[in-house]
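Enquirer: Protein sequences appear in the order of chains A and B.
Residue numbering for the first sequence follows the numbering used here, starting at 301 and increasing by one per position.
Residue numbering for the second sequence follows the numbering used here, starting at 2 and increasing by one per position.
There could be a bad hint or two in this list.
Claimed, not checked - Each computed EDC-like pair below joins lysine to aspartate or glutamate, with the alpha-carbon atoms no more than 16 Å apart: (1) B/K41 - A/D403; (2) A/K409 - B/E31; (3) B/K9 - A/D399; (4) A/K351 - A/D396; (5) A/K406 - B/E140; (6) B/K9 - A/E334; (7) A/K409 - B/D50; (8) A/K406 - B/D60; (9) A/K348 - A/E334; (10) B/K142 - B/D16; (11) B/K41 - B/D27; (12) A/K348 - A/E392; (13) A/K410 - B/D13; (14) B/K41 - A/D404; (15) B/K41 - B/D62; (16) B/K142 - B/D13; (17) B/K142 - B/E126; (18) A/K407 - B/E31; (19) B/K9 - B/E31; (20) A/K406 - B/E31; (21) A/K407 - B/D27; (22) B/K41 - A/E408; (23) B/K142 - B/D17; (24) B/K9 - A/E408; (25) A/K406 - B/E126.
If you are wondering where the hints come from, they were derived from the structure by calculation, not from laboratory data.
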Amino acid sequence: MIPERLSATFAALADPTRRAIIARLSQGEASVLELAAPFDMSQPAVSKHLKVLEQAGLIARGRDAQRRPCRLVGDPLAEVAAWLGGYRQFWEQAFDRLDSVLDDMKKEKKHARKAR
Amino acid sequence: MPAKPDDKLHIDYPDDQTIRMTRVFDAPAELVFRAWTEPKYVRRWWICDTAGMRMTTCDIDLTVGGRWHWITEMPQGAFGFFGHYREIEPGQRLVYSENFQADPSVEPAWDGPTEASIVHLTLREQDGQTVMVSSARYESKALRDYVLSTGMEQGAGQALDRLAAIIADEAVAA
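Chain B with its partners taken away, still in its complex shape:
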């Protein structure tokens, strides 16, 4: 059965270059921050190990101006993301640039003229839970819309499967 979408993740679009995700985690902010910034944890959640995908590189230099570089291998090929950390406030806030690397066998353009996106990750702890807001601003609306539609062909099929499953469930519940 196809996975059902959950209501836990909220996505909205504050302007036409931005994707903002809001999600509550049942853990203190300090742990959420470490899960985002320590490779031994990132490796366990960012990529699904069982879908033929494997995270082969997870470099994180958590200093202002420090580089991060994550590479994933899958049967169809490899891809990577990379950027620099700009602001670091442990347990509270992380600002970093994020660029896509289509061919990880070629060294990324570390000091390219433009950054594809800047991500502001903020954590707010309340009663032992953490509200995470990740706001990614892309260099253009076209790029943002491209990112949103990535995997559209494959994703659309899955989305329609999910839609069918939801409608079936709602029909049973009615």
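So that you can see chain A by itself, here it is in the shape it has in the complex:
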């Protein structure tokens, strides 16, 4: 399975409006009105996109009832880079090998104990 969060990141990045919102938020937090301004889009339509981003855990919204500023959470692009690059795969494979080395070490320990 793709890690759930990464699926959400891919889904979020698949939409140009949401990509633009993420790009804007990487400059700093913004209100819905501020986010809607550059797009030819109603505020509810932008809110819908924000909901997708929020559910994906990519953005968080402030508590201030009036403005509810949005900000980026985590680093979705780092996650995508790790997925596309070899980093994650390198360590996944190394740790799988480490699992079997540890199994051998446990057996060695058992034998050593018996031999005593």
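Using the hints provided, position chain B relative to the given structure of chain A.
Expert: For chain B alone, kept in the frame of chain A given last:
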């Protein structure tokens, strides 16, 4: 068939200079610590022996301020990693610097002005299992992002193969 990603390894980014990996191992912390710090074990897991890669050097001086130096040879050339151990608590915690060595035929800059990254490795044992957290903080976001994207060209192809395999599996399961 391409290898499938597992859910065992969790990677997250506590800040924009850090890569944090969390992984549970089915072994006591003492053994996990030894597997990270004794060359005879490191040699067996860090590099895949069958992919034309070979670990030619695995020096570990496990003392505070002691050096470590790992070199891997592959058909396209060799590369190394090196650094110093800063804090050592057997079975619990290891703090070390880590630098990349692009050309292992040249002696590494042991006492260079900056360290590329500092790694905090912590082990927490629970019911015979060990939760390992490895947190690597890089000197800049640019370097961290470069490390993450290393092998992007080759990796992206493999990632897409994996994606295709996952989607095929999910289609069968549905």
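Enquirer: Evaluate each hint against the coordinates.
Expert: Results for each hint:
1. Note on B/K41 and A/D403: the hinted pairing holds, with a Cα-Cα distance of about 15 Å set against a maximum of 16 Å.
2. Our distance criterion of 16 Å between C-alpha atoms is met by A/K409 and B/E31, whose separation comes to about 11 Å.
3. Taking the CA atoms of B/K9 and A/D399, the gap is about 11 Å. The hint holds against a cut of 16 Å.
4. Between A/K351 and A/D396 the CA atoms are separated by roughly 37 Å; this puts the pair beyond 16 Å, and the hint is violated.
5. Among the hinted pairs, A/K406 with B/E140 is inconsistent with the structure: their alpha-carbon atoms are about 37 Å apart, more than 16 Å.
6. With a C-alpha separation of about 40 Å, the suggested pairing of B/K9 with A/E334 is violated against the 16 Å cut-off.
7. Of the supplied pair hints, the one linking A/K409 and B/D50 is violated, its CA atoms being roughly 25 Å apart against a limit of 16 Å.
8. The straight-line distance between the Cα atoms of A/K406 and B/D60 is roughly 24 Å, outside the 16 Å bound, and the hint therefore fails.
9. In summary, the hint linking A/K348 to A/E334 is supported, as the alpha carbons are separated by about 15 Å, within the 16 Å threshold.
10. Between B/K142 and B/D16 the CA atoms are separated by roughly 9 Å; this keeps the pair inside 16 Å, and the hint holds.
11. Among the hinted pairs, B/K41 with B/D27 is inconsistent with the structure: their alpha-carbon atoms are about 20 Å apart, more than 16 Å.
12. Pair hint A/K348 plus A/E392 does not hold up; C-alpha atoms about 36 Å apart against a cutoff of 16 Å.
13. In summary, the hint linking A/K410 to B/D13 is not supported, as the alpha carbons are separated by about 36 Å, beyond the 16 Å threshold.
14. With a CA separation close to 12 Å, the supplied pair B/K41 and A/D404 stays within the 16 Å bound.
15. Pair hint B/K41 plus B/D62 holds up; C-alpha atoms about 13 Å apart against a cutoff of 16 Å.
16. Taking the CA atoms of B/K142 and B/D13, the gap is near 14 Å; set against the 16 Å cutoff, the hint holds.
17. For the suggested pair B/K142 and B/E126, the alpha carbons sit about 32 Å apart, so the restraint of at most 16 Å is broken.
18. Restraint check for A/K407 and B/E31: satisfied, since their Cα atoms lie roughly 14 Å apart, inside the 16 Å limit.
19. The suggested pairing of B/K9 with B/E31 is violated, with an alpha-carbon distance near 20 Å, which exceeds 16 Å.
20. A threshold of 16 Å between alpha carbons decides the hint, and for A/K406 with B/E31 the separation of about 11 Å falls inside it, so the pair holds.
21. Under the criterion of a C-alpha separation no larger than 16 Å, the hint pairing A/K407 with B/D27 is consistent with the structure, at around 13 Å.
22. For the proposed pair B/K41 and A/E408, the alpha carbon gap of about 14 Å is at most 16 Å, so the pair holds.
23. In summary, the hint linking B/K142 to B/D17 is supported, as the alpha carbons are separated by about 6 Å, within the 16 Å threshold.
24. Between B/K9 and A/E408 the alpha-carbon distance is near 25 Å, which puts this suggested pair outside the 16 Å criterion.
25. For the suggested pair A/K406 and B/E126, the alpha carbons sit about 15 Å apart, so the restraint of at most 16 Å is met.
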